[in-house]
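Student: Sequence:
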Amino acid sequence: MSCDGDILAVFKKGGRMTFSGLIAVYLFLGGTSAGAYTVLAVLDVASNMSTWNRHDERNRASHAPKSLRESTYQRIRRIVYGATLCILMLGVLCLIADLGRPDAFYYLLLYPTSSLISIGVLALSLLMGSSLAAFCDAAFSLGAHVRRALWVLKAVGIPVAFVVMAYTGMLLKSVVAVKFWQTMWLPVLFVLSALSCGCAVIMLALCSCEDRRAVRQWDVKLLRFDFVFVVLELLVTILLFASLAPVASADVLTGRHSQLFWGGFVLCALLLPIVIEMFSLMSGRHLSAPATASASVLVLVGGLCLRLVMVAAGVQPLV
Numbered sequence: 001m002s003c004d005g006d007i008l009a010v011f012k013k014g015g016r017m018t019f020s021g022l023i024a025v026y027l028f029l030g031g032t033s034a035g036a037y038t039v040l041a042v043l044d045v046a047s048n049m050s051t052w053n054r055h056d057e058r059n060r061a062s063h064a065p066k067s068l069r070e071s072t073y074q075r076i077r078r079i080v081y082g083a084t085l086c087i088l089m090l091g092v093l094c095l096i097a098d099l100g101r102p103d104a105f106y107y108l109l110l111y112p113t114s115s116l117i118s119i120g121v122l123a124l125s126l127l128m129g130s131s132l133a134a135f136c137d138a139a140f141s142l143g144a145h146v147r148r149a150l151w152v153l154k155a156v157g158i159p160v161a162f163v164v165m166a167y168t169g170m171l172l173k174s175v176v177a178v179k180f181w182q183t184m185w186l187p188v189l190f191v192l193s194a195l196s197c198g199c200a201v202i203m204l205a206l207c208s209c210e211d212r213r214a215v216r217q218w219d220v221k222l223l224r225f226d227f228v229f230v231v232l233e234l235l236v237t238i239l240l241f242a243s244l245a246p247v248a249s250a251d252v253l254t255g256r257h258s259q260l261f262w263g264g265f266v267l268c269a270l271l272l273p274i275v276i277e278m279f280s281l282m283s284g285r286h287l288s289a290p291a292t293a294s295a296s297v298l299v300l301v302g303g304l305c306l307r308l309v310m311v312a313a314g315v316q317p318l319v
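Taken in order, the sequence shown gives residues 1 to 319; the numbers are from the numbering used here.
Derived by calculation from the structure, the hints in this document are not laboratory data.
All of these numbers come straight from a predicted model, not from anything done at the bench.
Think of the CB as a built atom: it goes at the ideal place given N, C-alpha and C, for glycine as much as any other residue.
Some clues are possibly wrong.
As the list claims (entries may be wrong) - Have a look at the derived ranges for each label pair, beta carbon to beta carbon:
(1) S288 <-> P159: 33 to 43 Å
(2) M278 <-> A97: 35 to 45 Å
(3) L142 <-> L109: 22 to 32 Å
Said to hold, decoys possible - Once the Cα atoms are required to be at most 20 Å apart in a straight line, the calculated EDC-like pairs of lysine to aspartate or glutamate come out as:
(4) K179 <-> D251
(5) K173 <-> D98
(6) K173 <-> D251
Start from the sequences, fold in the hints, and give me the full structure.
Tutor: Quick look at the structure:
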């Protein structure tokens, strides 16, 4: 049997799907790390510090000195890129632990095929390389040529991160035996959730700054990004269940997984963040560090609950 076949065989035992909680955690960690990398790398590559600061000239009086903003920005980059790398590595360890076959992962990396699993493993490995390059660029003083090469690797990592985010949903959709996963809205939902969780990781990093003036404008920008992602996530969730037959979604909406879905995902990842972020944006009041941290943790808890619900809902007899 091929390595791809061996891995797929791990998912089937006794005619039932056997995705474990580790797979759900893996999907969450992989998506969150890719989302955090994407949000920060897009800002990082598209604009430099001077460009970012020029956009904020109209509010200069309320900000910290430029030198403080620059040093804070470097610190945030180190924290987020370092966290992205660690989260991604932890996610890969969860996948390997669930498979019980480390050799299968490395085989797919060394001998890639056109299968979805092989593409996912390759994308994860490439994203780890880009995250390492981005971290080195933020953490060390390097020569101009080295930094230029690292920025190229960082830019390459952006489309790779989108592949990782989409892959976490496509992996489930590829199991055609589970009707609940047979909708294109599932990968879209996972991408939006990953981007929202990525914003949450960066906002948590901002909370570590002692001087809130140095990150106030970043807080606002990320809050706006996350608000858009969460609203779109809510709309896609509605479309996802509208596209499924009532029987296929009964376990999630009204059955055994309903409490985790409504309380863990809908409340934590969607409704509460929307209320908190809308209040801040409409009132013009900046969220305090505890409020920002609380909203970010809610998003992350909800993102994990989403993966747990989606994976658990697919554990059913093959048809």
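Student: Hints first: check each against the structure and report whether it holds.
Tutor: How the hints compare with the structure:
Between S288 and P159 the C-beta distance comes to about 36 Å, which sits within the given range of 33 to 43 Å. The hinted window of 35 to 45 Å between M278 and A97 holds, with their beta carbons roughly 40 Å apart. At about 27 Å, the beta-carbon gap between L142 and L109 stays in the expected band of 22 to 32 Å. Of the supplied pair hints, the one linking K179 and D251 holds, its CA atoms being roughly 13 Å apart against a limit of 20 Å.
Only pairs whose Cα atoms come within 20 Å are accepted, and K173 paired with D98 is accepted, the gap being roughly 19 Å. For the suggested pair K173 and D251, the alpha carbons sit about 18 Å apart, so the restraint of at most 20 Å is met.
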